[in-house]
Amino acid sequence: MSIHKGRGFATINYPIGMNLGGDPSQALVHSNPDGKFGVALSSIDLGQGMKQVTRQIAAETLGVPVEDVYVDTADSDTGPHCMGSFASRGTHRVGNAVIQAAKEARSVMLEAAAEELEVNAADLETDGKGNIFVRGAPSRSISTGEACGAAQFKQGKTVSGRGIFLIPLSDVDPETGEMTPVSCYAHAALVVDIEVDDETGEVDVKQMNSAYEVGRALNPRMVEQQLVGGAWMGMSHALWETTEPYYPERTHGPADFNQYLMPGPGDIAPHDIAILERPAPDGPYGGKGPGEMCANPVLPAVANAVFNAVGVRIDELPITPEKVLRGIKANGGARPQGQR
Amino acid sequence: MSVEFRKELFADERDDNLNEIGKGTQRQDALGHVTGRSPYFDDHLFDGLLQIRCVRSPHHHARIRSVDFSQAANMPGVVKVIRPDDVPNNFNTLLSLLNFGRDDEALLSSKKVSYVGEPVLAIIASSDRQARDAVAAVKVDWEVLPHVLDVEEALKPDAPVVNEVYPNNSFDYHEKYDHQKLRYGDVETAFAQADKIIEGRYQMSPIEQAPVETNGAIAAPETNDRFVCYTSTQALFFSLGTAGKLLNVSSNRLHFIGGTVGGGFGGKVDSLVEPMAILGCMLTGKPCRFVWDREEEMQVGAPRGAERWYLKDGVMNDGRIIARQFTGYFDAGAYTRLSSYAIIKCTGHLPGPYHIPNVKSDVYCVFTNRTPATAMRGFGVTGVDFAIECQMDKIAHEVGMNPVEFRILNAYRDGDMKAHRREAKNCALIECAQVAAEKANWPIREEFKQASSMVGGGGERAAIPHTVTDEDGKIGDRRAGRSGGGRTRTIAPSSPAPAPAAYTPPPPPVPPPAAPSPAAQQPSYAHPAAAPAYQPSAAPASQPATPEAPPPAAPAPTPVPAAPSPESSPPSARPVNRPGYSRFASNSGFRRR
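Taken in order, these protein sequences are the chains called A and B. When you number the first sequence by numbering that gives the first Met the number 0, it's gap-free, plus one each residue, and the end is 339. When you number the second sequence by numbering that gives the first Met the number 0, it's gap-free, plus one each residue, and the end is 592.
Since the hints were derived computationally from the structure, they do not count as laboratory data. Fair warning: there could be bad hints in the mix.
Using 27 Å as the maximum straight-line C-alpha spacing, the simulated DSS-like pairs for lysine-lysine come out as follows [claimed, not checked]:
1) B/Lys-175 to A/Lys-102
2) A/Lys-205 to B/Lys-175
3) A/Lys-322 to A/Lys-4
4) B/Lys-311 to A/Lys-322
5) B/Lys-344 to A/Lys-4
6) B/Lys-22 to B/Lys-6
7) A/Lys-328 to A/Lys-205
8) A/Lys-35 to B/Lys-22
9) B/Lys-22 to B/Lys-155
10) A/Lys-102 to A/Lys-153
11) A/Lys-128 to B/Lys-155
12) A/Lys-205 to A/Lys-322
13) A/Lys-4 to A/Lys-328
14) B/Lys-344 to B/Lys-155
15) A/Lys-128 to B/Lys-6
16) B/Lys-175 to B/Lys-473
17) B/Lys-6 to B/Lys-195
18) A/Lys-128 to A/Lys-35
19) B/Lys-448 to B/Lys-424
20) B/Lys-155 to B/Lys-473
21) B/Lys-344 to B/Lys-448
Next up, chain B with everything else stripped away, as it sits in the complex (with noise of 0.2 Å):
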C-alpha cells in the first residue's frame, strides 16, 4: 500500500507554504484512544442506574387491540412501564427541525405498527437481564394486517397504506408531487435522435452502519430541575432538539454531552435513543441508560436504505452521451426520518459528473413496512452512483471504448452547466482519471492524457435549454388510477445563451502534443459533425452567452394560469416561500422554542 500526493496538479491554485496545515500531526485525543482512558457515553455508570428495554412488534405490519403489561409491571427489579401516553408529545419527525416533511413517527406506538421491531412499551428495570424477562412477559393482542415489501409494489393503487400520514405510499413534495423531479433539456427528442438506445435497472443493497459502539444514551437528574444526557450522537444539537420536542422540555434544561464517539457512518442520527433515556429519568428521577443491542442495532436501527434504479441513456456511435433519463424509489421503510431529504440531494447530484445536454429524473421516496431507512456514508449517493457507474461501462462496451477515456470524454468541466442549472466550478474528474489509470498502468491515447478540467468546458456547453416540463405524478393520482399527466410543456431557457440541447464537444486538447500524429489530433470526440446533434424544436434568438445573467427570457405559456411561474425568477433569487409551498420554510435550521 502507497500513498502519494500528486503535488504538481493545481499546484498554482495552492499555496503549500504553510505551518501547521498539511501536516500529518498526531491526533490530540491519540493518546486516550490508545490507551483505552477517552470516555465514552457508556463509560458513566451511574449507581443505582436503571435500564430500559423496549416491547417491539413481531410484526410487518399488525393493528394493536391492547397491551396487558400487569404482570411485566409487577416483576422483580422491574421499576416503570413507559406507556405511548407517556411521552409528553408522541409525534415527531425527524427534519422537523428543518421544517421539512411532516410529523409521521411516535416514540412507542398505540394503535399500530408497520415494521418489525416497532416499539410500543418499554420497561424501566434495575437490570437489563429483569428488563429483558419483562418485556417477554407483556402480552400484545396483535391483529396482523396485510404488509408491502417492494417499492414498486407500495406505489400499487391497492397497495396496503403503510405510514397514514402519507396514505399513498409516497413522501409528498412541494405539496404537489409524489416524487421529486428534474427536468433538464428534452431527452425524449433526443432519445430518438441518440444512435444507440442503453438501459439498466439497478438495486442497492440495505446496509448496516456497523459501529462497534452501538445507539446509546445515559440520562441523569441534574441539579435545579435540569436533565443531563450522555450521548453516541452524531449531532447533539439535532438529538437535543428531537428530545426537546418529544419530551416538551426546553432547550435549556437539557444538557448533552458527547463529542466522543466509537463510529457513527450516519446510524446515530435518528435520535431515538436520548429522549427514551432522558423519559425514564423524568418518569423515575433516577439515571436511566437506554442502550441498542446488537442485533436492535442491525434489524430494528435504520439502515442504509435500499435504492432501485432504471437509468435510460441514449448515446452517440463516438461516445458522446446526449440524454440520461432516471426512475428511482428510494426504500424509506414506515417512517421518513431522512429519505425525504436524500432523494434531494440525490437529484441535485444527477447525472453524476458528466456533461450531458438533457437530463430528466423521478425519483420516489416510498414507504413500505421495514425498519425505517436512513443516513449511512454518502447518503443519497452512493445508491445512484452505483447505477450510473455500471451504466457508463456498459455503455462503454457498447461503444467499444476504453472505459477511462470514455469518462474523460463526457466527464464536466470547468464552466459547465450543470442540470439542476447551476455553474461547475473546481473540477477534477479528468485529472483524477488520469492519475488513476497511470497508477494501473492502464493505457489511454495521448489527447486523453492531455485533457483538462479546466479546459473546453463553459461557453456552449453552459447555456440552459430549453426544457420540457410536465405535471405527472401529482399527490393522490397514482393511488386514484387518475393518469395526471399528459400535459407537457416547454419553457424557455432561464439564461439568455442560445439554448441548444445538442452536445458541445470540448475543444481539442490544450496544449496540443508536442508532435502529434494526424490521428492523434482528431481525437474520436472531436466530430460533432460526424452524428447527428440534437435540436429543439424551438429554439430562442441566439444571445451572447453570460451564464451568470440574471434576466430570464420571457415566461412560458402556462397551462396553470393561477400559479406564479417560478421560471421567472432569476435562478439565484428564487423565494424561499411561495403560496402553497412550505418546504424549508425555515431559514433558521432549528426548531424555535
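So here's chain A without its partners, still in its complex pose (with noise of 0.2 Å):
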C-alpha cells in the first residue's frame, strides 16, 4: 500500500452577467456640502465586496479620495432598482451605473469649480486627493469640497447623478441556439497537485497553482480574497460536499455542519496565484466578475489529478474515499500515469 502522486490541470471561461442581458441596475450619487458623497444602491453586500468595489468605482470617477465616499446597499426607499448580487454581476453591472452617476455628478462639480476659478470647465482636471485645478495652472485651484459647496449654497445646483447600466435582452433561437449570451467572460486555468492514499482511498490536495483573469483587479486585496475562497470551494465541491451522497436516491442527507463535510483548516492546500487583467472593453475600468469562476476549474483538475495519480477516472461527484477505492479495486490495483 503506498501514497500516489497526482497532477491534474484544467481551464475554463466564465460569461459575466445574466445571460441574454436584460438586468439593470441603478445608482445614484450625491453630494453634501462639504463634498462628501454618498451612493445609494440596492445592491446587497453578501461578503464579497460590492460597497467597497462601487466605493472605489465612484471615487475614482468623482476624482475625489476614496475617503470622501461611502456606499449605502439595499434599503427599497432610497436605493434605486438593482437585480441583485448573482451571476458575477455586481461588479460589471452595478459598477458601471456608479460610473455613470458619478460622471453626471462630477460635471456639475467641476461646472461649480468653473464658475468660482472664473474658468472654462473643460479646463478642469481633479488631482484625486480632493483638488480642482486648472490644466497647466495647478496653483489656480479649489478644493472638492469647496466647489459642492458652492454648487449648493451659491449657485443653487445638485451635485448629483443617476446611473443606470442595461445590456439589452438577448433572443435566444430554438432551433439553432443562437443568442448573445453575454458581453465578456473571465478565464483561468489551474494545476492541483494530489497524493492518493490506495489503501484508504482518501486524496489529499497538496498544492494549487493557478492563473485568473479577471478583466481588472479593481482592488487586488478583494480579488485576492474571492480567489483563494473560490478555490477552497471548487476543492470542497470536489472532494467532499454534496447533499445526496447517495444521489439519485435522498437518503444520508446531512442535516447540519457535523454531517455536511467540507475541508478544514486542516486540509486547505497552499495556492499560488497569479492575476491577469485584460480589461473588458465594456467593464467599470475594465473588471470583470471574479465571484463565480474561480471555484470551476479546481473540481476538473482534481478529477484528472486523480486519474494522474492512480489510474482511475472519477466521472461522479464528489470523490470520495469510497469512489476511490471502488475504482482501484475494479482496476486490479493503482496504475499511476506518470509524473508531469
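Put the two chains together into one complex; each comes in its own frame, and the hints tell you how they fit.
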C-alpha cells in the first residue's frame, strides 16, 4: 500500500452577468455641502465587497479620495432598482451604473468649480486628493469641498448623478441556440498536485498553482480573497460536499455541519495565484466579475489528478474515498500514469 | 501561498495609473464586521416578535386528503395558522419577473406535494418552541403517490407526473421543444471523419450553498399601511417583486431593507421567506420572523441542482477536436425556480472555451420529486465545465498529448466564431494556461509558450458553417411515444463567409522563436493536410469573410412553410417577439404592476 502523487490541469472561461442581458442596475450619487459623497444602491453586499468595489469606482470617477465616498446598499426606499448580487454581475453591472452616476455628479462639481475659478470647466482636472485645478496652472485650484459647497449654497445646483447600466435583452433561437449571452468572459487555468492513498482512497490536495484573468483587479486584495476562497470551494465540491451522497437516492442527506462535509483548516492546500488583467471593453475600468468562476477549474483538475495518480477516472462528484477505492479495485490495483 | 500580478500581459490594453482603482483599500464595512457590529436582518428583534414555522411534507410525492390543525391552533402561544387559502395569489414562478416560464409553485401547497419538505401550512406562535410543537400536532392525511428521483427515469413515458404545469416532466422551451437546442455545423458528418470518437458520462452532485446565515426575514407593520421587511436576500427587488405578486401588494407599500448578508452563493434568490414573514405580519398585525433552521437550509432550501452530462467528441490524431456533442439533464427538482434559465446560460457557454467547428447540444430541464434546485456559484456552468474538462483530459490522454498543450491547441482566440454565433473577443485562455503551467513548472514546448489569444483567430475560423437542424423533441412527443423527429434540414450560414466546418488551425506562433529548431517550427497542430478535413456536403459559394456583416445567405428550404424562418434575420437584429413565441417577452426585467 502506498501514496501516489498526481497532477491535474483544467482551463475554463466564465460569462459575466445575467445571461442574455435584460438585467439593469441603477445607482444614485450625491454630495453633501462639504463635498463628501454618498452612493445609494439596492445591490447586496454578501461579503464579496460590493460596497467597497463600488466605492472605489465612484471615487475614481468623481476624482475624490476614497474616504470621501460611502456606499449604502439595499434599502428599497432609497436605493434605486438593482436585479441583485448573483451571476457575477455586481462589479460589472452595478460598477457601470455607478460610473454613469458619478460622471454626472462630477460634471456638476466641475461646473461649480469653473464658476468659482472663472474658467472653462473643460480646462479643469481633479488630482484625486480633493482638489480641482486648472490644467497647466495647478496654483489656480479649489477644493472639491469648496466647489460642492458653492454649488449648493451659492449657485443652487445639486451635485448629484443618476446611473443605470443595461445590456439589452437577447433573444434565443429555438432551432440553433443562436444568442448574445453576455458581453465578456473571465478566464482561468489551474494545476493541482495531489496525493492518493491507495489503501484508504483518500485524496490529499498538496498544492494549487493558478492563473486567473479578471479583466482588472479593481481592488487586488478583494480579488485575492475571492480567488483563495473560491478555490477552496472548488476543492470542497470536488472532494467533500453534497446534500445527497447517494444521488439520485435521497438517503443520508446531511442536516448540519457535523454531517455536511467540507475541508477544514488542516485540509487547505497552499495556493499560488497569478492574476492576469485583460480589461473588458465594457467593464467598469475593465473589470469583470471574479466571484463565481474561481471555483470552477478546481473540480475537474482534481478529478484529472486522481487519474494521473492512480489511473481511475471518477466522473461523478464528489470524489469520495469510497469511489476511489472501488475504482482502484476494479482496475486490479493503482495504475499511476507517470509524473507530469 | 502567494499572489502575483502579471502586469506585463495585456499591458497595452490597460491604464495602470489610476488613483483608486487597483488599490487594495480596506473595505468601508471592515470595522463593523470585525467588531461584530454590522447589522444583519436578524438583528431587528422587535418586541413581541412572532415566529413562523412550516408543516412540511414527509413524502416525495403525495396527495393531501385533509389537514387537521384544530389541536395545533389551540396550543399555547399559537397566534395564527396560515393556510394556503390565506395567500392572496398563491401561485408563482420566480422568473415571472422576467416573463419566463409559467407559474408552477405555491407558497403553501393545498392539493399535492412533490418533494420531501414541501410546505403545506405555517404556524405563527409567540416562540419558536411553541411554533415547532404546534407544527408537530398538525395531522395531515396523505395519499402517497409513486415518485421519480432520477432525471432519465423522469423522462420516460410512464413516469409519474411531478409538476402538473409541466406534465411531460420537462420545461417547455419556446413553446415548441422539450429541451434547448444548440446546432452549429454538422456533428454527424464530422464524427464519421474523425480519427477517434471519445465519449463520457459525467454527474455533478447537488450541493448546499452553505451560508453561515440561513435564509430569513423579519417583517413588521410600518406606518401608513406599509410593511418593512428585513431580509437576507441576495436580490432585494427580486424578493420585493415576488412578495408583491404573491401577496397582491403594490411595490411601494413594501419597504425592503437588507444589503449586508451573511453569505449567499446563490441560495438567497428564491424569495420564499420574505412573502411568508410579510403575510404573517398582514394576518396578525404584529412583527413576524421566518427563518430556516440549518436542516431546512440543507435539505429543503434549494441546492445547486445535480446535472448529468453525456459528451461525445470527434478528434483527429493530432489533437484537434472537430466535433462535440452534448446531452444534458438538469435536475430541477419539483418546481422550475431558476433551472430553466440556467440551461439557456449553459447552452450559450458550450462547447467551453475552445474553437470547435461542429457543435450540437440538447439540454433538458427535468422535474423530479426532490427539493427544487436553484442558483449556486457558477450556475449553469460549473457542472458542464467539470464534464468538459474531464473529457479534455481523457482526449489528451487518448491522443498522447500534454494536457496543457492540448488546451492551447484547441483554445478559442480573438475573432473566432463561437457556437452561439457571436465572435469571441477579449480572450485570455491561452495566457492563463501558459502562466499556470509556468508556475507549476510543467514544461510545454516553445511554440505553445509563444501562442497568443490575440493571434491566429478569426478569418476562416470566424465563418459560420452550414448547419444541420432538426425538429426532434417537440413538446409532448416523448411522453406520447412519438419519435417526433427524423426530419433534418441544412441551413445556410448566416454569414457570407466561406463556410467549411473544418477546423482551421491557428497560424504558426507569432513572433516565431528566435532560433527555432526545425522541429519547433513544425508544431503538431500546423498540419491541416495531415488529417482529413471535414467538408460540408453543400458548401456555399465562397465570399469574402466579413463576419460582422448582417445580410444572410438565401433562406434555406424549410419543411414548415407556415413558420417564419429565424435564420433569415441578421443575428444582431432578431426580433424578440415572434408568433407563438413568448419567452423573455418583457424588456423591462421587472413585472409591471
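These are the hints, each one checked on the structure:
Taken as a hint, the B/Lys-175 and A/Lys-102 pair is broken in the structure, with Cα atoms around 46 Å apart against an allowance of 27 Å. The hinted pair formed by A/Lys-205 and B/Lys-175 fails the criterion: a straight-line CA distance of about 50 Å is larger than 27 Å. Distance check on the hinted pair: A/Lys-322 and A/Lys-4 sit about 18 Å apart at the alpha-carbon level, within 27 Å; holds. Distance restraint check for B/Lys-311 and A/Lys-322: the Cα-Cα separation of roughly 24 Å lies within the 27 Å cut-off, and the hinted pair is therefore satisfied.
In summary, the hint linking B/Lys-344 to A/Lys-4 is not supported, as the alpha carbons are separated by about 36 Å, beyond the 27 Å threshold. Pair hint B/Lys-22 plus B/Lys-6 holds up; C-alpha atoms about 14 Å apart against a cutoff of 27 Å. Only pairs whose Cα atoms come within 27 Å are accepted, and A/Lys-328 paired with A/Lys-205 is accepted, the gap being roughly 24 Å. Only pairs whose Cα atoms come within 27 Å are accepted, and A/Lys-35 paired with B/Lys-22 is accepted, the gap being roughly 20 Å.
The hinted pair formed by B/Lys-22 and B/Lys-155 fails the criterion: a straight-line CA distance of about 56 Å is larger than 27 Å. Under the criterion of a C-alpha separation no larger than 27 Å, the hint pairing A/Lys-102 with A/Lys-153 is consistent with the structure, at around 22 Å. Restraint check for A/Lys-128 and B/Lys-155: the C-alpha separation of about 67 Å exceeds 27 Å, so the hint is violated. Using a Cα cut-off of 27 Å, the hinted pair A/Lys-205 and A/Lys-322 holds, with the two alpha carbons roughly 20 Å apart.
A C-alpha spacing of about 18 Å is found between A/Lys-4 and A/Lys-328, which places the hinted pair at or below 27 Å, so the restraint holds. Pair hint B/Lys-344 plus B/Lys-155 holds up; C-alpha atoms about 26 Å apart against a cutoff of 27 Å. For the hint linking A/Lys-128 to B/Lys-6, the alpha-carbon distance of about 25 Å falls within 27 Å, and the restraint holds. Restraint check for B/Lys-175 and B/Lys-473: satisfied, since their Cα atoms lie roughly 6 Å apart, inside the 27 Å limit.
A threshold of 27 Å between alpha carbons decides the hint, and for B/Lys-6 with B/Lys-195 the separation of about 40 Å lies outside it, so the pair is violated. For the hint linking A/Lys-128 to A/Lys-35, the alpha-carbon distance of about 12 Å falls within 27 Å, and the restraint holds. Using a Cα cut-off of 27 Å, the hinted pair B/Lys-448 and B/Lys-424 holds, with the two alpha carbons roughly 21 Å apart. A hinted pair counts as satisfied when its Cα atoms are at most 27 Å apart, and B/Lys-155 with B/Lys-473 qualifies at roughly 15 Å.
Between the alpha carbons of B/Lys-344 and B/Lys-448 the distance comes to roughly 32 Å, so the proposed pair goes past 27 Å and is violated.
Hint compliance for this structure: hints 1, 2, 5, 9, 11, 17 and 21 are not met, and every other hint is.
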